[in-house]
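Generate coordinates for the entire structure from the input sequences, incorporating the hints supplied.
In order, the protein sequences belong to chains A and B. If you read the first sequence in our numbering, its first letter stands for residue 1193, the second for the next number, and so on. If you read the second sequence in our numbering, its first letter stands for residue 947, the second for the next number, and so on.
Bear in mind the hints are in silico, worked out from the structure with no lab data behind them. The reader is advised that the hints may include incorrect statements.
Said to hold, decoys possible - Far from chain A by the CB rule (all over 10 Å, computed), these chain B residues:
{"id": "1", "residue": "Pro973"}
{"id": "2", "residue": "Gly997"}
{"id": "3", "residue": "Ser1076"}
{"id": "4", "residue": "Asp1111"}
{"id": "5", "residue": "Arg1115"}
{"id": "6", "residue": "Leu1129"}
{"id": "7", "residue": "Asp1225"}
{"id": "8", "residue": "Glu1258"}
{"id": "9", "residue": "Asn1274"}
As the list claims (entries may be wrong) - So the derived list for chain B, only partly shown, Cβ under 10 Å to chain A, looks like this:
{"id": "10", "residue": "Asp1022"}
{"id": "11", "residue": "Met1023"}
{"id": "12", "residue": "Tyr1030"}
{"id": "13", "residue": "Val1048"}
{"id": "14", "residue": "Pro1052"}
{"id": "15", "residue": "Gly1247"}
{"id": "16", "residue": "Arg1251"}
As the list claims (entries may be wrong) - Covered stretches of chain B, going by a simulated chain A footprint (3 or more residues, C-beta under 8 Å):
{"id": "17", "region": "1008-1021"}
{"id": "18", "region": "1041-1047"}
{"id": "19", "region": "1085-1098"}
Glycine included, every Cβ here is placed at the ideal spot set by N, Cα and C.
Residue-level listing of the chains:
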Amino acid sequence: MVVLGSFVNTSYLGISSEQWVSGSEGLISFKWFGYVFDLYGSHMLFSLRLALLSVILCLAIGVPGGYVLACRPFRGSRALEELFMLPLSIPGIAVALALINAYSVIRGKWWLVLCGHLLYTVPFMLRVVTNTLRSFDIQRYEVAARSLGAGFFKRFVLVILPNLRHAMIVGSLLVFAVSWGEFNVSFLLNTPLHQTYPAALFATYTSNSFQVSSAATTLFLMVIIPVLLLIQRLGGSELARVEQGA
Amino acid sequence: MHELKVSGLRKCYGDVPAVADFSYTFPQGKITTIVGPSGSGKSSTLLMIAGLLRQDAGSIELDGQDVSALDPERRDMGMVFQNYALFPHLNVRENVEFGLRVRGVPRQERRRRAEEVLHLVQIQSLSERSVDRISGGEQQRVALARALAFRPKVLLMDEPLSALDAKLREQLRGELFRLLQQLNVTTIYVTHDQVEAMSLGNGLIVMNQGRIEQSGAPLDVYCQPANTFVAGFLGSANIFSAECVEKDGRLQIQLAFATIDAPINATSGACWVMIRPEDMILSPSDGANFHALFESSFFMGNQIRLNLSVSEKRITMDVENQTVFDRNKRIPIRINAEKAVTWPRVSGDH
Chain A
1193 MVVLGSFVNT SYLGISSEQW VSGSEGLISF KWFGYVFDLY GSHMLFSLRL
1243 ALLSVILCLA IGVPGGYVLA CRPFRGSRAL EELFMLPLSI PGIAVALALI
1293 NAYSVIRGKW WLVLCGHLLY TVPFMLRVVT NTLRSFDIQR YEVAARSLGA
1343 GFFKRFVLVI LPNLRHAMIV GSLLVFAVSW GEFNVSFLLN TPLHQTYPAA
1393 LFATYTSNSF QVSSAATTLF LMVIIPVLLL IQRLGGSELA RVEQGA
Chain B
947 MHELKVSGLR KCYGDVPAVA DFSYTFPQGK ITTIVGPSGS GKSSTLLMIA
997 GLLRQDAGSI ELDGQDVSAL DPERRDMGMV FQNYALFPHL NVRENVEFGL
1047 RVRGVPRQER RRRAEEVLHL VQIQSLSERS VDRISGGEQQ RVALARALAF
1097 RPKVLLMDEP LSALDAKLRE QLRGELFRLL QQLNVTTIYV THDQVEAMSL
1147 GNGLIVMNQG RIEQSGAPLD VYCQPANTFV AGFLGSANIF SAECVEKDGR
1197 LQIQLAFATI DAPINATSGA CWVMIRPEDM ILSPSDGANF HALFESSFFM
1247 GNQIRLNLSV SEKRITMDVE NQTVFDRNKR IPIRINAEKA VTWPRVSGDH
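Structure below.
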């Protein structure tokens, strides 16, 4: 979050200077947005698709997984949980290189990037879900549901999922934000056909004009800032615990 | 109405038996209370009947069918939990409808039956309220309504009133009694509160250290406790060692400080004798069995409990709340011998 914070700050400076420049030259700044769309539109779409897929897959993995880890602990379940958290403490480059080495045959497939993203996003969803399940006594509601005649599937759908609604929303927003902004893995696992938007931003910074870079950065922020604001608003407590956990 | 027959139920934690050989037939449509101190195995027994705790041995038969291997969700037993465990994401009516919903009852029918049960527990006005916006007493009613709505074969209640304050508890106890008598549901009610157990139950089971000490109608168990534990646990009891001698068709109970004359209904020889505080009666000096020294008193509202001593034995008795005594005064007491209970005393047993 500290890294993200400083990132947001410097970029904000970039936006204001761009507006200052464009102001002195007349209302021409929209031209750069159009240019960025033409140039990097496909990257944006790819990144959006990755982020949304990450959200869906994280929900599919993190919710049942979190339930098992929190409510049905087994031998070694704590260790497994730590294993899931591990990618967060390993530099992205190391993870990317490890992925490339491990999957050298399939390198170049777009979904390898998705796998990289999942390594970084699943822990967030998992942590939010396990924290929520551990913070209130879900077992007692499950026991009550059993006594009322609900088998496992009905308990999961009618009792557990509704009580995880908030955690699932906060977790999804986190996953979306992490996936949208993820650079290391995206950059190293990129194929020419499938580049993520942050990787495109890097290309812009190294090769394009200041105005184009600023417009591209602004577009990046226009997606991420509403998400961050929502996280801030909805997920006060969950977020604190996620940071602690991560 | 449904009959529940439990035989040889047993549960151990490590080597310690929490429940040892619990056998009882719960009569159809009646309320049976299980009472005992904490750790007596009463809650474990209830959880095993509900299926929430797996027994080590024994069987549970519902209407002649062995249900002891069934999952709790397939036993059709409604349960009211100590902490109520109302679903926080559902409102009052939705909580009550839950058991019907998982049974696939159509929405209209579900709603009608929920309203009906809510009416029965007198909270129909709260049906759209969130469960954390209602009082503890109301939550208790919702929990009861939820357990009753799907018409369970057996109703299980695990200390349902213990989270409430004394006044409310008394009020709800009365309502619960009327409601359950009216519904004719086979009910098992677990409590550590002896007053609750005696006033609510058609039948009463006293448990201690995983075993049934005694069972029967509350009045019988209170008046004829099977042993010193039951005598001391239900109400207060003065227990003395004595010698019992048969004489002229009556029983002479020779205490260290008095001899009383009781109807012959117990063994002779060395015995324990129990006399309830209410069977110790203030009397004129000439009719007294003995005199005891006044030590202290507790004002209890409707009466005063006296602590007395005689021949180094402590005695408690209850008197009218207006009575005043001086310390170290000798008080003349008559014993209502008809109500005295005796048990044979094994040598070396004190």
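Hint-by-hint comparison with the structure:
no.: 1; hint: Pro973; in the structure: holds (22 Å)
no.: 2; hint: Gly997; in the structure: violated (8 Å)
no.: 3; hint: Ser1076; in the structure: holds (13 Å)
no.: 4; hint: Asp1111; in the structure: holds (22 Å)
no.: 5; hint: Arg1115; in the structure: holds (22 Å)
no.: 6; hint: Leu1129; in the structure: holds (18 Å)
no.: 7; hint: Asp1225; in the structure: holds (43 Å)
no.: 8; hint: Glu1258; in the structure: holds (51 Å)
no.: 9; hint: Asn1274; in the structure: holds (55 Å)
no.: 10; hint: Asp1022; in the structure: holds (7 Å)
no.: 11; hint: Met1023; in the structure: holds (7 Å)
no.: 12; hint: Tyr1030; in the structure: holds (8 Å)
no.: 13; hint: Val1048; in the structure: holds (4 Å)
no.: 14; hint: Pro1052; in the structure: violated (16 Å)
no.: 15; hint: Gly1247; in the structure: violated (37 Å)
no.: 16; hint: Arg1251; in the structure: violated (39 Å)
no.: 17; hint: 1008-1021; in the structure: holds (count 4)
no.: 18; hint: 1041-1047; in the structure: holds (count 3)
no.: 19; hint: 1085-1098; in the structure: holds (count 3)
In this structure, the earlier hints numbered 2, 14, 15, 16 are contradicted, and the remaining ones agree with it.
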